[in-house]
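Can you join these two chains into the complex? Each is in its own frame, and there are hints to help.
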Amino acid sequence: MAVLEKNPSCLRELFKIYENISKEWEFSADDYKMIFESYSRYFPVSMREAPPDPSIPSTSELADLLLKCFISNDGYSAMTFNAMIERLDVDSANTKVDTTTLCSLARIEEC
Amino acid sequence: MAVFKTLESGAKAYSVTANSESASKIWDSLKFEIWNGDNDIFIQSSLNVLTALAASLDEPCDILNKEASLHKFVITCLGECKTRILDKEKTYLSSCGRIFHAIATASYHAFCLVSKFAIPVFDTLWQSHNDGIEKARVLEALNYILEARVQIEEFRPFENLAQLGEDNQRWTKSNRDRMIVTFKGFRGRLLEIYENDVRDLLTHPGLSNESENGLFAITGLGSLLAVPNYLEESERSMIIRLFIEVSLDQRLNVAVCAASSDNLAHVTTQSQQALRKVILPSIMERLPQKLSSDSQLQQSEIVSISAYITSIVRIVAKASPLSGDDRKLNFASMQQSLVDKIGEVLQFKDQAKYYHLLLAAGPLWFEWTEDARGDYSDSEVPTQGDFGGPIVELFRKVVQVKGEYIGIACDQAGVMKFDQQSIQLVGQYAMYALRHTSTNSSNSFLLNPEPVTVQSPIWTLFSSQGLDGPTTQPDLRFASSDKWLANVLSMYLLAGVKKAVGYFLMIQLTFTNFTRTSNSFERSLM
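Chains as they are written, first to last, in my numbering: chain A, 1 to 111; chain B, 112 to 637.
Chain B extracted, bound-state conformation (with noise of 0.2 Å):
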């Protein structure tokens, strides 16, 4: 290892007439490791021995000049490689991708040869393929194309333009706007490529699990999505709207489904409008208005259900937002959708099975960011929390205040809406959220209700003060059904409550009702 990491050391610091002298010496020993090596650290080194050399060789010079130094040695690289390719596709066709990925990402300029000479290459090689296999090989290595150029963004030297000379900014400003012109060109025919490879897989899901092609088109559209300022407004909503079709075929191979879900969830974190415009609403019209009556039909339709409904809350959950406000309005956006829902779904009878997938997703999400925390600007300190506006919503569904004490919403017959298991739900969102670590004295909405002229239902739950009389909440000696389930809901709040300094005097209250509570329920047994 100290070996690549003198070369590539060397390359780095050497000028360009001292890289130029050794270039080809170089490439003829690193290349059959690449193309021929087990050891994939080795690989990698060389690999990195190349991206050093090419960045080396890049200067200032005329474009159309074939003997500067990075452009012999690029195409050098270049054509070795295609011959390789063509002798023997299948062994050679990855290697030579990795080499052009780590040559494209040196510089704006090596990006440019290297996507004028291999797209057309690859396209090609895609055309002449019908086999599913093939094609995804093709794709796998052309996938290094896009990879490198989603990178170079990531390579600024605007950053650090101010400190090269003069000759030296002009040519790296010029290089990149052609890079971009340049990719441009390709546009119209790698959509084409891979919209296609998507297409044919929806219309022959079975496809998906023979090759890797759907993974490799799935991971191109995503590069491509990535590109900045590269594709149209509606090229992009057509890629997402493949992404969420993709996502939600359960007759397509699993991995397929999550990179597509993985896509969205970038998308998302691009874009938060994407999620709420798009993406949630895509999927949401998906769901039934309600379960069948027949158990067969119910049967297939939960397993729908829970595939739509797993697959927001991956795609939520794995969007990772620069900022907590956008954390929160995902979140919410998410949480809101699928309250709205339960309500629809409330409407009609026998829908358990349903509300309880959709109020499962709450608790789902908190499982999969257990250690996800956003982090707020300083102006903009959310008064509940990151979860306080649907979990309370939630609450407003389930709880009813009735009379003397709170209970579990009904129906106009008198019959509860929510079971057990429902409260059970609500309850588990509840705590995650108060035990999540986003969630602090300041924050947390059950300590900093809303101000509201009716007395909040959570709250309440604690009330020692009577409603329309007497306390009766925490006695549970008279109690109906639905009081109990209630009471249920207050200890998963309790349950949520951290320990910390500040929530003492909430501890203490709550500790003097349910001693009250349970010194009256120990006299009743005696």
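Extracted from the complex, chain A is given alone in its bound form (with noise of 0.2 Å):
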């Protein structure tokens, strides 16, 4: 159902519904994964331009509501942690590459 879910008012109700069934019930170790990969996907949650309809959430309302479902279940914690520093590196190398891509741009030798 969440595989190709991309309106913001769907997904709003989506990962409340990933937290709520997170912290109620208990799963197997696969049903954790299952459920992680499907919510973990959307992150970091970004959109195109602000919603005009203030009925429809904003990014950082979804973003709080994501961030709620990777902290709902000890479950989630090994893999919220790995993911999170494969990504602390990652962006951290394409931070650099895109400051020093600029540099090269702007002919600053400094960089």
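Hints in this document: simulated from the structure, not taken from any laboratory.
Keep in mind it's a predicted model, so treat the numbers as computed, not measured.
Where hints are given, some of them may not hold.
The calculated SDA-like cross-link candidates involving lysine to any residue, where the alpha carbons are at most 20 Å apart (straight line), are [what the hints assert, rightly or not]:
| # | chain 1 | residue 1 | chain 2 | residue 2 |
| --- | --- | --- | --- | --- |
| 1 | B | Lys123 | A | Asn20 |
| 2 | A | Lys23 | B | Lys123 |
| 3 | B | Lys116 | A | Tyr42 |
| 4 | B | Lys123 | A | Glu5 |
| 5 | A | Lys68 | B | Glu119 |
| 6 | A | Lys33 | B | Glu132 |
| 7 | A | Lys68 | B | Ser120 |
| 8 | B | Lys116 | A | Asp89 |
See below:
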């Protein structure tokens, strides 16, 4: 159900469902992994433009709801930490590459 | 940033078991960001994650159990930091200090572990150095531990203690007691290190320009003062006197002097008594009785006096007392000391430059505290606002009733004690006080003079009734020079009046007097 979902209003409800079921029920390790992969694909939340309709959730609202999914159950802890650490290394490298590229374009040698 | 936020939130939300499984992995990933990173936002975010992790690992256990989650995590982090410091002290000392701070502020237990490990390491390093710059680097790192000790008092689990289980309540209380005892064990040594450095500075003031040694030493002493119930009274007094000496020593770097003044301001915030009984008297006793007649000597005296008075004003202005009552008392203490000094100086001739400096303190304080306003308790709305007492006393020194008019106070030979510049300063002072945000129609010293049997020299400036006969004050056609000067004061008082309904009557009465005066003056020109 969640694989192709892109509508922010639907995602809001989806993230709430993930959070609630994770808090209330116990799952097997495989189930935790499956649920984790369902919502973690949306990290980090980003939208092309701010929603015109105030009833549609904003980026920050969805990001908060997504965060609650990550921390809703200990079963996600190892996967969460691993995923974030990986992103940290990748993002850090990307930032440095972007900076170097920019400096090259601007012909700034000090970068 | 979303990554750091998720890591931090996860560390706070997951259980001890879940966190301890990933703790070393998280540490391995973040440590390089902290040690080698150049983006301070990322570095601080990494430190926040470490704090959250250390806090989450704190659970009731046998203190001696080295396999306990928090113990293992902290010892791993501290051990690796120590290796880095010993390997390349210059590169890693500061960043490791920040790591120690992040972990130490996580919980009382964490602080115990960090302080027991880190303080002896820094002590050994400090002793091994002779160079001021290297010693400064060690003090900078040690200051992180002291800062953690001060900040952990703000981390008050006691407020939420009732929400914890019994086990956790006992655990937290016993850890807090252990933290207090552990840190007290370092008291003598820490005092010795910091006092040593400050006294070194006073002996070799040039050092303060070469390194930040002085600055870190002053900051550290300030932190030691800020730890509640830590120092003996004699030790507190010793540190306060050191701060006073440093803040007034013009040979020292400006930043070091200012840091000392800021610490004295902080002391004043905590204790109005310290200001009244120690700080103000110590600084005031350094002011000379009078200016020398030798012009060169006089010049250096003026520089010193200016520095002393500026220091007093800075301390009182920067102190941020919790209540308007304390702010009023602080200001009143300062101003009373200065007004008393003016009285002493006035006994000597040719001291105009001296009391100009003393008079300028009031307006300077107002400039530095323009937006500051204290809140008063309901039962204690001051009758004369924050400033009435000292200003009225100043006016009584400056203004003198002379039969049919009000003029400026004169000496026995009939020479005015105050010149034009002095009158301007007094007037400015009164104007700022009247315009201050805390002054209103019910506490303005101008509209609510204290009941006196003799007419107040302030509001009689506006009096439309004669003193010993017909009115002459507003009529400036017949005036000696000091009457003009006294009326300059009344102009400042008028300028201080706020545009509020309650002041309307005041403005009306005054306008009537001045209209009459200006009409008379215009007629005299025709």
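Structure-based check of all given hints:
1. B/Lys123 <-> A/Asn20: holds, 19 Å
2. A/Lys23 <-> B/Lys123: holds, 16 Å
3. B/Lys116 <-> A/Tyr42: Between B/Lys116 and A/Tyr42 the Cα gap is close to 15 Å, so the pair holds against 20 Å.
4. B/Lys123 <-> A/Glu5: violated, 30 Å
5. A/Lys68 <-> B/Glu119: holds, 12 Å
6. A/Lys33 <-> B/Glu132: holds, 17 Å
7. A/Lys68 <-> B/Ser120: holds, 9 Å
8. B/Lys116 <-> A/Asp89: With a Cα-Cα distance of about 15 Å, the restraint between B/Lys116 and A/Asp89 holds, given a limit of 20 Å.
Of the numbered hints given earlier, the model fails hint 4 alone.
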